Amino acid sequence: MHSFLSRANAVAAYALSVLACLTFLCFLSTLFIDYRTEASINTIRTIVKSISNYNSDRKANDLGHITVDLRADLSPLFNWNVKQLFVYLYAEYETSSNSLNQVILWDKIIRRGENANLNFKNMNLKYYFWDDGNGLKGNKNITLTLSWNIIPNAGCLSHVNAVGQHSFSFPDEYTIAKQ
Amino acid sequence: MIQGTIEEIKRMNKRQFIYQVLSFGMIVSSALMLWKGLMVITGSESPIVVVLSGSMEPAFHRGDLLFLTNNKEEPIRAGEIVVFKVQGRDIPIVHRVLKLHEKKNGTTKFLTKGDNNSVDDRGLYAPGQQWLTKDDVVGRAQGFLPYIGLVTIYMNEYPKVKYAILACLGIYVLLHRE
Chain A
1 MHSFLSRANA VAAYALSVLA CLTFLCFLST LFIDYRTEAS INTIRTIVKS ISNYNSDRKA
61 NDLGHITVDL RADLSPLFNW NVKQLFVYLY AEYETSSNSL NQVILWDKII RRGENANLNF
121 KNMNLKYYFW DDGNGLKGNK NITLTLSWNI IPNAGCLSHV NAVGQHSFSF PDEYTIAKQ
Chain B
180 MIQGTIEEIK RMNKRQFIYQ VLSFGMIVSS ALMLWKGLMV ITGSESPIVV VLSGSMEPAF
240 HRGDLLFLTN NKEEPIRAGE IVVFKVQGRD IPIVHRVLKL HEKKNGTTKF LTKGDNNSVD
300 DRGLYAPGQQ WLTKDDVVGR AQGFLPYIGL VTIYMNEYPK VKYAILACLG IYVLLHRE
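These protein sequences, in sequence, are chains A and B. Under our numbering, the first sequence has 36 at position 36, and the numbering climbs by one with no breaks. Numbers given in our numbering equal positions in the second sequence, counted from 1, plus 179.
Next comes chain A alone, as it looks inside the complex:
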């Protein structure tokens, strides 16, 4: 009755249930935490060009060029159930053809233990700011929002917007691209 196999089975089953229970408690302990915090965003240079988008439909689409100042201290967000933050800056705007456009312009992976105090001056974007058409020229209301996706050790994958957005407008004329 008390063979090696039955003992090993009992130990493994008990260890598994303890692990499952601890994981669940870890998930519960961080379920109701408010992960919002403040961020300050500012745009320095905003120009718009009309360029053929060879990645997409090859038509002349609006391409925005902006540089931003970005400041946010995300280190208080980390706790024992935050493995990584996926931080992203996105632009949200309306055009004549689309009721909603969201374009991620910049992102950064911050793992636990890495420096989470973001402070960028006059930063270039990581991704191209292509519009789906010609809706950037003269657009008066483009909102930049910093947001983060919390990657836990085990639990919910929540998305949180920073407190503090920034709105800007693009000029009414295209900047002619130098060939």
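In short, the hints are calculated from the structure, not lab data. One or more hints might be untrue.
Here are the simulated lysine-lysine pairs, PhoX-like style, with alpha carbons at most 20 Å apart [unchecked claim]:
| hint | chain 1 | residue 1 | chain 2 | residue 2 |
| --- | --- | --- | --- | --- |
| 1 | A | K140 | B | K313 |
| 2 | A | K140 | A | K121 |
| 3 | A | K59 | A | K137 |
| 4 | A | K121 | A | K83 |
| 5 | B | K288 | B | K313 |
| 6 | B | K313 | A | K59 |
| 7 | B | K282 | A | K137 |
| 8 | A | K137 | A | K49 |
| 9 | A | K59 | B | K282 |
| 10 | A | K59 | A | K49 |
| 11 | B | K288 | B | K264 |
| 12 | A | K126 | A | K108 |
Here are some, though not all, of the chain A residues that point toward chain B, as calculated from beta-carbon distances under 10 Å [as the list claims (entries may be wrong)]:
| hint | residue |
| --- | --- |
| 13 | F78 |
| 14 | E92 |
| 15 | T95 |
| 16 | Y127 |
| 17 | S158 |
Nothing here was measured: the structure is a model prediction, and the numbers come from that model. Heads up, the beta-carbon is just placed ideally off N, CA and C, and yes, glycines get one too.
Start from chain A and add chain B according to the hints.
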């Protein structure tokens, strides 16, 4: 050991054997009910998926488990992690929405990218496909559990292990007596 199990079966009478078979059926059907119930609640055709590639590292590694929902009312937004199917590929892909454009009539199109990839997913889509739409989406990742999916990855890579485990479980359930 085999001789022991054969003797065990011989010692059982008919009623007991039927009882064991029925309880085995109960286990199988309750697992099926759980899965189908989850499908109804989450609205997703596969509410739990295993991450199979490293394209979302360091967030998701191979073998991590994701819980999906696919409610039609809740719209997809940029930054969310979606699981989608591409025509001509059997395995669904787990990637993040990079750009999203919603037309006035409510139709959306979006472009995805893996966190660990340097370029967007246009190269992964079907030839000529520029954007994904809601119909391509299997679900949106809402919950995360590490490592558990490694079991199924091993089972799929070594089918003999799978059959051995299934056989052991079946024999155990059939012969187990209170």
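Comparing the hints with the structure gives:
no. : hint              : in the structure
1   : A:K140 <-> B:K313 : violated (29 Å)
2   : A:K140 <-> A:K121 : violated (24 Å)
3   : A:K59 <-> A:K137  : holds (16 Å)
4   : A:K121 <-> A:K83  : violated (27 Å)
5   : B:K288 <-> B:K313 : holds (8 Å)
6   : B:K313 <-> A:K59  : violated (24 Å)
7   : B:K282 <-> A:K137 : holds (19 Å)
8   : A:K137 <-> A:K49  : holds (8 Å)
9   : A:K59 <-> B:K282  : holds (18 Å)
10  : A:K59 <-> A:K49   : holds (13 Å)
11  : B:K288 <-> B:K264 : holds (14 Å)
12  : A:K126 <-> A:K108 : holds (9 Å)
13  : F78               : violated (15 Å)
14  : E92               : holds (8 Å)
15  : T95               : holds (9 Å)
16  : Y127              : holds (7 Å)
17  : S158              : holds (9 Å)
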